[in-house]
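Peer 1: Make the full structure from the sequences, and use the hints.
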Amino acid sequence: MMETLNDFGTVDFFAVATFTAGIFDVWLNMNSPSGAAQLACMMMMFVIVLIALERYGRRKQKFHNATTHNRALPGFKLSAPLATLAFLACAVPVALGFGVPAWVLGSYALNFYEETLAADFWTFTFNSLLLAGLAATITIVLGVFLAYSLRLGQVRWINGVTRFAALGYAVPGAVLAIGILMYLGWLDNTIDGWARGHIGISTGLIFSGTVIAVTFGYVVRFLSLSFGSVESGLAKITANMDGAARTLGAGPMSTLKRIHLPMLKGSIMTAALLVFVDCMKELPMTVVLRPFNFETLATFVHQYASDELLPEAALAALAIVAAGIIPVVLLSITIAHARAGHTQHADTAPQHIPTPIQEVSP
Amino acid sequence: MTTGLRMERIRHAFGATEVLKDVSIVAEAGKLTCLLGPSGCGKTTLLRLAAGLEKVQDGRIYLQGRLVGDGKTGLCLAPEKRGIGLMFQDYALFPHLNVYENIAFGIKSLTPERRAWIDAGLERMGVAKHRNSYPHVLSGGQQQRVALLRALAPEPEILLLDEPFSGLDVTRRAQVREDTLNFLKECGVAVLMVTHDPEEAMFMADHIVVMKGGKVVQAGTPVQTYFHPVSAFVAELFGAMNHFEGVVEKGQLETPFGPFPIPSIADGEPAQVLVRMEGINVSMGTHHTAPTECCTTVGHVVDTYLLGRSSHLHIRVPRTPSQGLSDDNEIILHVRVPGVMKPESGAAVTVWADPKQVFAFALS
Numbered sequence: 001m002m003e004t005l006n007d008f009g010t011v012d013f014f015a016v017a018t019f020t021a022g023i024f025d026v027w028l029n030m031n032s033p034s035g036a037a038q039l040a041c042m043m044m045m046f047v048i049v050l051i052a053l054e055r056y057g058r059r060k061q062k063f064h065n066a067t068t069h070n071r072a073l074p075g076f077k078l079s080a081p082l083a084t085l086a087f088l089a090c091a092v093p094v095a096l097g098f099g100v101p102a103w104v105l106g107s108y109a110l111n112f113y114e115e116t117l118a119a120d121f122w123t124f125t126f127n128s129l130l131l132a133g134l135a136a137t138i139t140i141v142l143g144v145f146l147a148y149s150l151r152l153g154q155v156r157w158i159n160g161v162t163r164f165a166a167l168g169y170a171v172p173g174a175v176l177a178i179g180i181l182m183y184l185g186w187l188d189n190t191i192d193g194w195a196r197g198h199i200g201i202s203t204g205l206i207f208s209g210t211v212i213a214v215t216f217g218y219v220v221r222f223l224s225l226s227f228g229s230v231e232s233g234l235a236k237i238t239a240n241m242d243g244a245a246r247t248l249g250a251g252p253m254s255t256l257k258r259i260h261l262p263m264l265k266g267s268i269m270t271a272a273l274l275v276f277v278d279c280m281k282e283l284p285m286t287v288v289l290r291p292f293n294f295e296t297l298a299t300f301v302h303q304y305a306s307d308e309l310l311p312e313a314a315l316a317a318l319a320i321v322a323a324g325i326i327p328v329v330l331l332s333i334t335i336a337h338a339r340a341g342h343t344q345h346a347d348t349a350p351q352h353i354p355t356p357i358q359e360v361s362p
Numbered sequence: 363m364t365t366g367l368r369m370e371r372i373r374h375a376f377g378a379t380e381v382l383k384d385v386s387i388v389a390e391a392g393k394l395t396c397l398l399g400p401s402g403c404g405k406t407t408l409l410r411l412a413a414g415l416e417k418v419q420d421g422r423i424y425l426q427g428r429l430v431g432d433g434k435t436g437l438c439l440a441p442e443k444r445g446i447g448l449m450f451q452d453y454a455l456f457p458h459l460n461v462y463e464n465i466a467f468g469i470k471s472l473t474p475e476r477r478a479w480i481d482a483g484l485e486r487m488g489v490a491k492h493r494n495s496y497p498h499v500l501s502g503g504q505q506q507r508v509a510l511l512r513a514l515a516p517e518p519e520i521l522l523l524d525e526p527f528s529g530l531d532v533t534r535r536a537q538v539r540e541d542t543l544n545f546l547k548e549c550g551v552a553v554l555m556v557t558h559d560p561e562e563a564m565f566m567a568d569h570i571v572v573m574k575g576g577k578v579v580q581a582g583t584p585v586q587t588y589f590h591p592v593s594a595f596v597a598e599l600f601g602a603m604n605h606f607e608g609v610v611e612k613g614q615l616e617t618p619f620g621p622f623p624i625p626s627i628a629d630g631e632p633a634q635v636l637v638r639m640e641g642i643n644v645s646m647g648t649h650h651t652a653p654t655e656c657c658t659t660v661g662h663v664v665d666t667y668l669l670g671r672s673s674h675l676h677i678r679v680p681r682t683p684s685q686g687l688s689d690d691n692e693i694i695l696h697v698r699v700p701g702v703m704k705p706e707s708g709a710a711v712t713v714w715a716d717p718k719q720v721f722a723f724a725l726s
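Chains as they are written, first to last, in our numbering: chain A, 1 to 362; chain B, 363 to 726.
No false leads were slipped in.
Derived list of chain B stretches under chain A, where covered just means 3 residues or more per stretch with a C-beta under 8 Å from a C-beta of chain A:
#, stretch
1, 433-446
2, 458-470
Just a sample of chain B residues kept apart from chain A, beta carbon distances all over 10 Å, derived:
#, residue
3, GLY427
4, THR533
5, ASP541
6, ASP559
7, MET564
8, ALA581
9, LEU668
10, ARG671
These are calculated hints, taken from the structure and not from any lab test.
Beta carbons are placed, not taken as given, at the ideal position from N, Cα and C, and that holds for glycine.
Peer 2: Structure (structure tokens):
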């Protein structure tokens, strides 16, 4: 539900009049940022009610594993006709949802790659990688900081702050973008006003419409991904590990560096990957917050697709998909190697590296 | 006293649950002190307070004469600054470090002397060939010894052990226990150990502190604890006992072994007499003379169970020796005798109780 609320690219392409599309419509076509902000507020209320209901619904749930090792589920042998049916049932969604579009895009890309490259494809790729890389790095650092502060549990207010900071993922990108835009505008004006009054220089707009603004938006939105991943990774490290390190003379920071970070390697890689992939394909916030003439792969594809130039954008679309899939494949191979081998490296590998799919739990 | 660990008037609560109610203990340098008590009596919390892993709420903690925790002022020295070693029940070895790195973790500067110490320790504990292995390939006993070496490596003044042998199977436990005890004695460190196993406490400790429900019920040497328990609870820590209840008359309580003198309890008050299962001797026939006149009776064997090192007998005796054995006036004694003893059911036996193993307490 949240994902759908957030989506802008698809509904825009198929011209479905959703709330998110409406916000953009009011803002861009009717030129009314305050009207868009009002719509965004309404949508925000809806999201808050939704989250509250969800929290209320599972207020008494707690997840505990009775044993430290997950038992393998027993296999269930299907007869040949049933097996074929099962295979088809699983294969059809993959084929229709991924195989066919990928094949169509692939053939487009083969025929039209020159046009795509001519449209400054490499700059867009660089922009995408830069933004996604920046956002992934910052969210990881913040996520580790927040999750570890929470674990140390010495400052009481940090709990509330952390939970609030991790709410970003629930807020639709369009709503966030407008909020950030207005906030940064106010900040820029305030700084500008102060500078003019005190130093006599006009600073102009410092943050609005910059890479910083886009990165800030990404961090706000995707912090919960990295935080959640790091937090669940930390939860698997028993409190006695901290106790042992502390009584052996390591302070809290030293414990983080020598115990938690090495043991969290898997969780951190997963978190970085999740944020990176999500940033690569992020559209609504990028459209609103980016600098002038600054295109990422996602905005480029959206732009061309809106202009009925889908074939010309196919290569960029595939690049986004590749950016999502290649790291996952590499990571899976690394994990598989670590598990299968009996070298010393196998011993150093964490016992359990969650796959990205398991970890998505906003 | 300036050495070792001293905890004074400690109170501690988790939310509304009070787990420690005014507990004071001392662990002297060079001695092994055992905190003995059932699960949930607060002994592990006491250990965590000493280590600084829990903040003192009320009371004071001194290490080597230095105040490190005070509930009044909120003083709580960080665990890394206390110079204590703590070995966890689950050992808490770092899974991403090998055995050597685990042991060396707490050593500030790895001088040749400390390296030599680790090498000697690995050799001594029989894990030298595993120095480059990772913890998950070690057996429970090996992990236990690595954890012990790791806790001792930074040369702590006080070592805290939380149920150090509970993770080992029974056959290995005795040997590991003995090795550990010898090693600790050589190190000369003050040790505070938590256990729920009275036999372990008897074997290891110089000083036993018995805890129940967040309070210290008795503190003393193993001999004092075993032979002079202050309550039925302490007496029964070392195994189930034969209970005889009644009302004190003329300073005595009637038992199957005859009247037992209870001078400390007033006439007319309810009281109980407890006799250890291993404190009762059995001989075949009814005409044997017992070493003591007072504590002898005759009865019939009901059942016998061979337990290996000892035999467990159920013996039917009259409620008081003066009465004859009849259906409505009998009591079953539980008796533990060393070695193999397997009399026929119904066989007549003479039983007498060792007065040192008989205890009387008021019945509240």
